[in-house]
Each structure stands twice: as structure tokens, then as C-alpha cells.
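Colleague: Go by the hints and put chain B onto chain A.
Protein chains: 2
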Amino acid sequence: MKIALAQLNYHIGNFEANTHKIIEHLGKAKEKGADLVVFAELAVCGYPPRDFLEFEEFISLCEQAALKIAEHCTDIACIIGLPVKNEQLAGKDLFNAAYFIENGQVRSIVRKALLPNYDVFDEYRYFEPATSFECIHFKGKKIALTICEDLWNINNNPLYVSNPMDELILQQPDLMINIAASPFSYCHDDERIVVLAENARKYKLPLLYVNQIGAQTEIIFDGGSMVFDAKGQMLDELPYFKEAIGLYEFKDQHIQHLQPLEHQPVPDIEQIHDALILGIKDYFEKSGFKKAVLGLSGGIDSAIVCALACRALGAENVMAVLMPSKYSTDHSVQDALDLVKNMGCQHEIIPIKEAADAFDQMMAPAFHDLPFNLTEENIQARCRGIVVMAMSNKFGYILLNTSNKSECAVGYGTLYGDMCGAIGVIGDVYKTQVYQLAHYINKDAEVIPENSIVKPPSAELRPGQKDSDSLPDYDILDQILFQYIELKKSSSAIIAQGFDEALVRRIIKMVNTAEFKRYQTPPILRVSPKAFGMGRRMPIVGKYLS
Amino acid sequence: MKIALAQLNYHIGNFEANTHKIIEHLGKAKEKGADLVVFAELAVCGYPPRDFLEFEEFISLCEQAALKIAEHCTDIACIIGLPVKNEQLAGKDLFNAAYFIENGQVRSIVRKALLPNYDVFDEYRYFEPATSFECIHFKGKKIALTICEDLWNINNNPLYVSNPMDELILQQPDLMINIAASPFSYCHDDERIVVLAENARKYKLPLLYVNQIGAQTEIIFDGGSMVFDAKGQMLDELPYFKEAIGLYEFKDQHIQHLQPLEHQPVPDIEQIHDALILGIKDYFEKSGFKKAVLGLSGGIDSAIVCALACRALGAENVMAVLMPSKYSTDHSVQDALDLVKNMGCQHEIIPIKEAADAFDQMMAPAFHDLPFNLTEENIQARCRGIVVMAMSNKFGYILLNTSNKSECAVGYGTLYGDMCGAIGVIGDVYKTQVYQLAHYINKDAEVIPENSIVKPPSAELRPGQKDSDSLPDYDILDQILFQYIELKKSSSAIIAQGFDEALVRRIIKMVNTAEFKRYQTPPILRVSPKAFGMGRRMPIVGKYLS
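As they're listed, the protein sequences go chains A and B.
Just so it is clear: in the first sequence, position 354 is 353 by numbering that gives the first Met the number 0, and no numbers are missing.
Just so it is clear: in the second sequence, position 79 is 78 by numbering that gives the first Met the number 0, and no numbers are missing.
Next up, chain A with everything else stripped away, as it sits in the complex (with noise of 0.2 Å):
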């Protein structure tokens, strides 16, 4: 039997591509041989269609659209996921699910047990736990097919009461099959291998998985999909952040002519960057978009964005937009020029003095004779905001947040001024890896100017202003938001580790007050284990810690 693993990249609600790609690489497999080919969770749909599926005409689309898919498996069979109806009136009304389709017929649908419910998950929100379940049958085969987090129930502290493949090797299956929907973080891939390379070992059954690429809003899908023989090494490892299709023979219990390899571990900081574009081209692409806006400071955070947004979308469709105040040193304006040169993107310079004045003007009768202060600053923070979608408004580009993970989580950025923007490209990456992404940047040659990377961070909206002013250094600052945000750690455990107490205090402070402002923020490309949005929900007018 020729099994393919189909990695493709869906587009949440669009029936029309999804089937047309799942139809086009069934022809695919076709042409190879293969007898089955399995796409991954949800695939009909996207992965997550969130509250659509609460929509009945939905539902009936995805239905509509697998039917259509079964008519083109005539000569081969296919697994594909959907969320299908529970016809029992008691529990949700749907199921995580899969279709095993053959000669045209859906002979078999498998359910989901085993619902993830935390972090950027949902899916008790809309779907029923499966209780029952069973192989399918296939050229004389028993299959054990799983979806995702049914596997994932293999660790010491088990999320489930309950196992699925637990029932379903007493049904004496010959190999396994994983459908998933298992987005990136930068330490999700050796995760996975470990827990799939476990499940192979504990069923001594080989498994094949297949996962989604592609970015969907936030949420970064990066492959990996992979094959085990059944003492849980790993026989073969699709790319990542690409779309791929593998073939492979399981014959005598056993996938053939494949040796046991080694998975070659990526840098963090590597996978953070191919993600990143990733995230950028498929928000742009997904969304009907081509070209992107953003202000460029001379700075680091914005100099990575620019870069990574001229990768992503090409140098041609990026508009960086200079925005001097009256505190920007020259430095930072040729810094920024610097940056536009190596790239090739276009750029505007607008400084913002006037506007700033015209509101230091329009505001007085009220402010009377009141100090300067953050007001003042965060007006002028505010004018860039207004420049920048001005530009978006115009010209119909997209605006690239730039905010880093460290400034989102103390709070250290201006509402509706710096923290403007479509999505956030680097707002799941805390400024100590920004500064390692710039070094992978410029690996092979200077792209961001090394002034952008040596000289201390500042917001230039007063004279002489340094991030270090208001912040601990980004060294100490990176390591306790690590253990408070990633990790969870309570302030005393954090203590324990040697820190300071009244720092460590403090910065757990802002975070938490800081909530107000990351609510209002875009939703941010998620790298990490634990990214501000969807996947990390506080209460606002919350009192702990705060």
C-alpha cells in the first residue's frame, strides 16, 4: 500500500482554493501511485475556523465541498479532515473530524476524543469529545486513525482521562495515522518528534503524520509531517514552512526502503525568521493584499520588520516612512537610510514637528502652563501613528506593527502611536532574540546597519531619551518576562532564581497593568510557547500582582 502525506496550506473559510488544491495534489498522488492520500485536520476548512463554525450554512459548506473532493477519489483513497454534525441531540453540536473517502463513497468517519482547550486552542468550544472508535479498513490493512492532540496524551501529568489509542489497539490495527493541525513555536518540533516517536514505540506500530503549513492570522502552521517505523525511529521528515507531498510503501507491517534518520535541529532563531516571513506573506496573501507600509526609526525592532517584510513581499511592494520628531539625532535618519538602501524598498520622509506643534498649540488653553511630559511624547508617538495610516488609507498598503515582545509586555509603547498596525511582526519576540535575529540577518552580509545594532535603544521623543531610562536592561528584563510570561513562575519562584525582589516585582507590575493596551493591539505573529493574544487571555480590570 502507497500512502501520501499531502502538506499543503489552507486558507480558513475559502472552499474554492481548499478544494482546488486537495483536488490538485490527489492528482498529484495519482500520478505517483500512491493508494491513499492523507491530508491534515480540518484541511476542507482551515484550521482554526473559530466562531464561522457556530454557522450551519458553514457546516453544510464543508460538507458540500468534501463530497465534491470524493468525487475525484475514484482511483485512490483519501483521509481528509472536517468538522461534521453529531447527530445524537445530547453534547456539541459537531466533531473534530475525519473522512476516510474510497471509490467516490465516504466509508468512514473517525472523530475526535481529545479536544485541546488552552493556550491559542478552543475546541471544546465547538466540538464533542468522540467516546467510541474504530479502525479503518484498507486493502486489507487496519488503520488506526488519529487526529492530532489524540496522540498527545502521552506525559506525566495527562491532560485527558482517557487514551484513544489505548481502545484502539485492541483492535489490533497494522499502522497509525495522525492528522494535525499543530501550530509553531520555536521549540514545538522537537516536541512533537518526542511525542510521536513514543506513541510508535508504546503501539510498536509504525505512524505516519501529517501536519498543515501556512500562517493564519497569528497562528504559524510549519510542517514537520513525518514517519515512524514502529520501534519509534524517525524514517523520513518533510520540510518545514513549505508546502510538500511524500510517498511511502507499507508493505509486510513496515514503511519500505527508508533508513532511520536523524532530525537535524534548526536554530531557534532561524526557524523564528522563516516563520516570521511566513506569517507576513500569508497575512498579505490570504488577506488580498501585495504591499506593506511601516515606519522605519533607525532602530532595531523596526529595521528587522522592514527587512523581513521586503523578504516576505518583495523590496518593491514595502514603503518604509521616516518620521523624525524634533528629538531624532541625524543618526537615526541615516540609519534608517542606510537600511532602505541594503534593502532596495521605497521610502517617504515626513518629520512630524508641525503636527506636533499644531496639538502643543490647539492644546494649551487646556494644559494651561503644565510641564511638558509622557503626554507630549505620546502625541508625538500618536502623529507618526496618524502619518503611517495615512499612507495605508492612500495607498492601500498594510501597516506593519514593530512593536518587540519586551516593550508589549511592560507596556512601554504609545496606544494608537507605535502600537499601530495590521499585525505584529516581532511582538512574540523579546528584544534580546531581535538583536540575535539581526545577527542572522546580516549572516552573510550587513543588511541591518550595524549603528542600528550597537546604538542603545530610544523612542526620540525627548531630548536624549533612552529605553534604559524607563526599562532594567533588556538582558534582566528578557529573563524574569521569560519566567513570568513563558513559564508561569510566581514572583517568589522567580525571586528564588537570584533576582532582584523590587524588580521583579515591578516589572511583573507593568505587566499585568499592561493589559489595557495589549488588548487594543494587533494580533501578533505567534513564535514563542506563550504569545500575547489569543493565547494568553487576563482579565483587565483584574487586582492580582498588580
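Wrong hints could be hidden among the right ones.
Which copy is meant is left open, so a pair is good if it fits within one copy or across any two.
[What the hints assert, rightly or not] Pairs of lysine-lysine, DSS-like flavour, derived with a Cα cap of 30 Å:
#1 Lys31 / Lys141
#2 Lys542 / Lys27
#3 Lys487 / Lys84
#4 Lys508 / Lys487
#5 Lys487 / Lys20
#6 Lys393 / Lys542
#7 Lys20 / Lys290
#8 Lys280 / Lys542
#9 Lys138 / Lys1
#10 Lys487 / Lys67
#11 Lys352 / Lys325
#12 Lys203 / Lys290
#13 Lys465 / Lys442
#14 Lys67 / Lys508
Worth flagging that the hints you see were computed from the coordinates, not collected in a lab.
Model, not experiment: these values are computed from the prediction.
Modeller: Just chain B now, with coordinates in the frame of chain A:
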């Protein structure tokens, strides 16, 4: 046995305040001669604590607070909601639970089985569902204690496959108690009465039900705690939107001294009015702020928000900023001033022409001679955003957003302009309901100037602009939006009701393409069964009806 129901306003994560309030009400109940006092679901930490629940320290603080409360339960028993650890390895780490405390000791723990995970609810994100059920034994009686949703699985299409009361009834309890955190919507009070009465009838037991009151950012709890006899007749109903304590004597299997009463329905608009005032008040009190600022245009939306804010915070704490553009009419300024006079709040007049002109100049080299369009309208709206945010930053006022639900739905508003604000006051109130609110507010005397009510709505961002240039009549628009948003009807089902096909498709497309805007709007006070925000989660780059 005398049972007190304590309907209180908690604050998420504010253990000090919550514990103090609970202990204070233990004392009050003791004075009234109560044997048992019942507090709400998750009373110890407030509802919803969201991802605070993922911090072990937070759970420990809940436990510590409960033990402190227990120390005060010497001559009185209590039932109190809090998250507790799941001692089993498998499954989620927590239960949504209640302590029954007697003689200073935790005598038993009751766990919630049915975990709402729809709309604004995410309980399965944190909690394991209970699978075993046991009555509380107190003073020779058996109490079937359930937590909120546990009684809600009574309908023709039940959301869950089990029913905790079906288990508990086998133990022959003497009465039912349900502790809840059941948020307000203008139809939810009636639903609650139906569901609770049906439970009393089905299980032939008296039922005491306690809810919370108070707003937690967008979610507003309205109270309305109730007591039913074993026939499902309501015997008592605590007030709505107010803290209250009720005392009931249970003897000879009956609640004593009370006659069945009729629920007196309150018109939706009056409920919405009261809910919004509580929502504003609690947002400020729980965030530690006193003063509000808003842009006052002379139109009906900002007039309503100003009036509600004055009622919630006191007129002396409200600053209305009039920001006429060069397209504003004199009557707009006059209408705004009339309202200021009626309410007695502070005001400033800050025309935006100067800033808008500065941007026109600044952008001219980049814009060349491109004609005036939406860009220049947005620049003006964003200049207003800068002005009110400058007032906020300089004086510590908190900005109220004045967008209504019809505008939010179709994206008729400027991101970072009139869509700014810390909290959306009427973002869940359709324009047609805004008019009803105006008439309700004016029922005794003219508060909202008549002219603000009767004139055609306009953003005044170009000469002679009217909402009706871009949008269908609000009467029609709101009907179609209600079908799509609240009722989740398909386009074909809405068209089948007789609405114009092209119009329906255009409106639904406007709703779906405005997701990127709504993602960045402030939290919105929820008064309907389906508000924008955490209760409605849509893909942004999705391609469905868009």
C-alpha cells in the same frame, strides 16, 4: 434551618477586598440568625479569573483566602465558590468548586460537572469536569449543591451528555442550592427563571439560587438571586444590579413564610441602562480611576455615553471634549453644549482644524495631488483621538469609547480615531436601541437634547456628510445585523425573510471584513446575548462571506 443568600460584587484577584466583604457578610448573616450563608461561584477570586488560574500562586491565594474565611465560620456555616486543585494526575489541574465550611472547617468540597465553554465562557480551558456527586449533610438535612451550569442542561438540545442533579436526586436531598456567576444580557433574566423553575419542578425540591452582581471589564453580573418552592413557583427574587442579602427559613421540607410571586419584567432598555451604568462604575472603581473623558460631537451616541457616565461617576468626574472640524455645523456644537448644560459636567472646546491642516501639509509631498477622500476623513477622526488621549494622559482621565454596535458591526468608524477608548460603553447597543435609550433617559425631563435625537446621524468629516450616504437605514441594518450576529442565521435564511438579497450580502461582507478593526477595539460592555469581543471569536484572514 435559616439560609442566607449573599449577592455580592467581587473583584477578580482582589483577595483582600473579596475576603473582607465575605467575612463582613458572614457577620451580617449571623446577626440575622442565619445557620448557613451562601456565596456565589468563584466568589473568593471573582469571575472570570481567566488565565490567572494558570498561576499556582493564584490558586494558593484562593486557598489561603478560603481558610481565612473559614476561621470566621464558627457559629455559622457557609458555602463558597473557589478553584481547587485536582488531586488526580490525569485531567486538568483544577476544579471549579465550592467549599462547605462548618465550625471553622472545610467539611466537603463540591465540584462543577458542566463547564460552559461557549460565548464568553472558557471553563474547560482550566477545569476538569466532576464525575462524582455527593449531597452536603447539614443539620440533619441533605443539600444538593450544584454550581451554575450544572442546572442548565435542561432543554431539547442539551449541550452536555450528563446531568449532575440526576445523580444527586438518587441520594434523596431535601433541597437544592445553586451558586452562580451568570452574566447579564437583556434576555437572560427570563431564561434563568425558566431554567430554575423547571429544575425545581423536575426534582420536586425547593431551590435557592445565588448570583453575583458587578461588572468585570466587559462582563456584567446582574444578581437577581432567587428562591423557588418544590412546584417551581418563585418565592423571592433579590434586586438586580445591587448587592443584597436574603434570609430564608427551610423547615418541614418547605421554605417558610413566603407566597409565590410573579417576576415583574423590566423593559429591556431599562435593564440595559442600569447595566451600562454599573459597567462604567465598576470599570472605574475596580481600576482605581475616578474621572472620565469623552469626545462629545453633538450626535446621539456620545450624548448617551456622556449622560450614562455622569450618572455612573458623577457629573463632576466627567470631562466632555468638543472637537469641531471645519465641516462641523454650528448646531453640533450647540447640541453638545446643551447636553453639557443639562448634565452639569465639565467641558473643553478644542477645534481640530489646526492639526488636520498640519497633516494635510505634511502629507502633501507624498500624496502629490491625489484628491480628498476617506484618508483625510480618517486623519480628522484620528486628530480627535489624539486630543482626547492627550487629555487622558495629562489629567489621568479615562477615555470612554462612544461607538455603537451597528457601527462596530459594519466597520463604520476610524481605527485609532473614534474607535479609541478604554471601555466601549454602547458597543453592544444597536443604533436603534441607542434611540430607545435616549427616550428612556429623557422620560422625566429633557437630558439628551431633542436635536441630537432627531437630526440625521453624521460624522461631519466632509461637507454635508450623512451616515445614510454609506449605510442603509439603521432600521433595516439593525434587523439584518441581529439576524446574523445574535441569531447566527445564514445569508440565505435572512434573505428568505424578505430582506433585499444584495443588501444582505453587502452587510454580511461588511461585518466579516471589519474583523481586523474589531480586534483592536476596546472591551465592550456586554448587554446582549452576543456582544463583540471575547464572546465572538472570528478569524481575521478568513475568507468566508467576505
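Colleague: Between copies, within a copy, both or neither: which fits Lys67 and Lys508 at Cα up to 30 Å?
Modeller: Only across copies: Lys67 and Lys508 sit 25 Å apart there, 54 Å inside one copy, limit 30 Å.
Colleague: Have a look at Lys508 and Lys487 and pick one of within, between, both or neither, based on CA distance no larger than 30 Å.
Modeller: Answer is within: at 14 Å inside a copy they meet the 30 Å cutoff, but 40 Å across does not.
Colleague: If the cutoff is 30 Å on CA atoms, where do Lys487 and Lys84 land: within, between, both or neither? Let me know, please.
Modeller: Between copies only: 17 Å across, 37 Å inside.
Colleague: Is the C-alpha distance from Lys542 to Lys27 at most 30 Å within one copy, between copies, in both cases, or in neither?
Modeller: between (57 Å within a copy, 26 Å between copies)
Colleague: At most 30 Å between alpha carbons: which applies to Lys203 and Lys290, within, between, both or neither?
Modeller: neither (51 Å within a copy, 66 Å between copies)
Colleague: Classify it for me, Lys31 with Lys141: is the Cα-Cα distance of at most 30 Å met within a copy, between copies, both or neither?
Modeller: within (23 Å within a copy, 69 Å between copies)
Colleague: With identical chains, the pair Lys138 and Lys1 could be close in the same copy or across copies; at 30 Å between alpha carbons, which is it: within, between, both, or neither?
Modeller: For Lys138 and Lys1, only the intra-copy Cα distance (11 Å) is at most 30 Å; the inter-copy one is 70 Å.
Colleague: Checking Lys465 and Lys442: alpha-carbon separation at most 30 Å within a copy, between copies, both or neither?
Modeller: Answer is within: at 28 Å inside a copy they meet the 30 Å cutoff, but 56 Å across does not.
Colleague: Is it within, between, both or neither when you check Lys487 against Lys67 at 30 Å Cα-Cα?
Modeller: Between copies only: 26 Å across, 46 Å inside.
Colleague: Is it within, between, both, or neither for Lys352 and Lys325, if the alpha carbons may be no more than 30 Å apart?
Modeller: both (6 Å within a copy, 22 Å between copies)
Colleague: Using 30 Å as the alpha carbon limit, work out where Lys20 and Lys290 are close: within a copy, between copies, both or neither.
Modeller: Within. Shortest intra-copy distance 25 Å satisfies the 30 Å Cα cut-off; inter-copy 56 Å does not.
Colleague: Using 30 Å as the alpha carbon limit, work out where Lys487 and Lys20 are close: within a copy, between copies, both or neither.
Modeller: between (41 Å within a copy, 29 Å between copies)
Figure legend: structure checked against the earlier numbered hints; the only hint not met is number 12.
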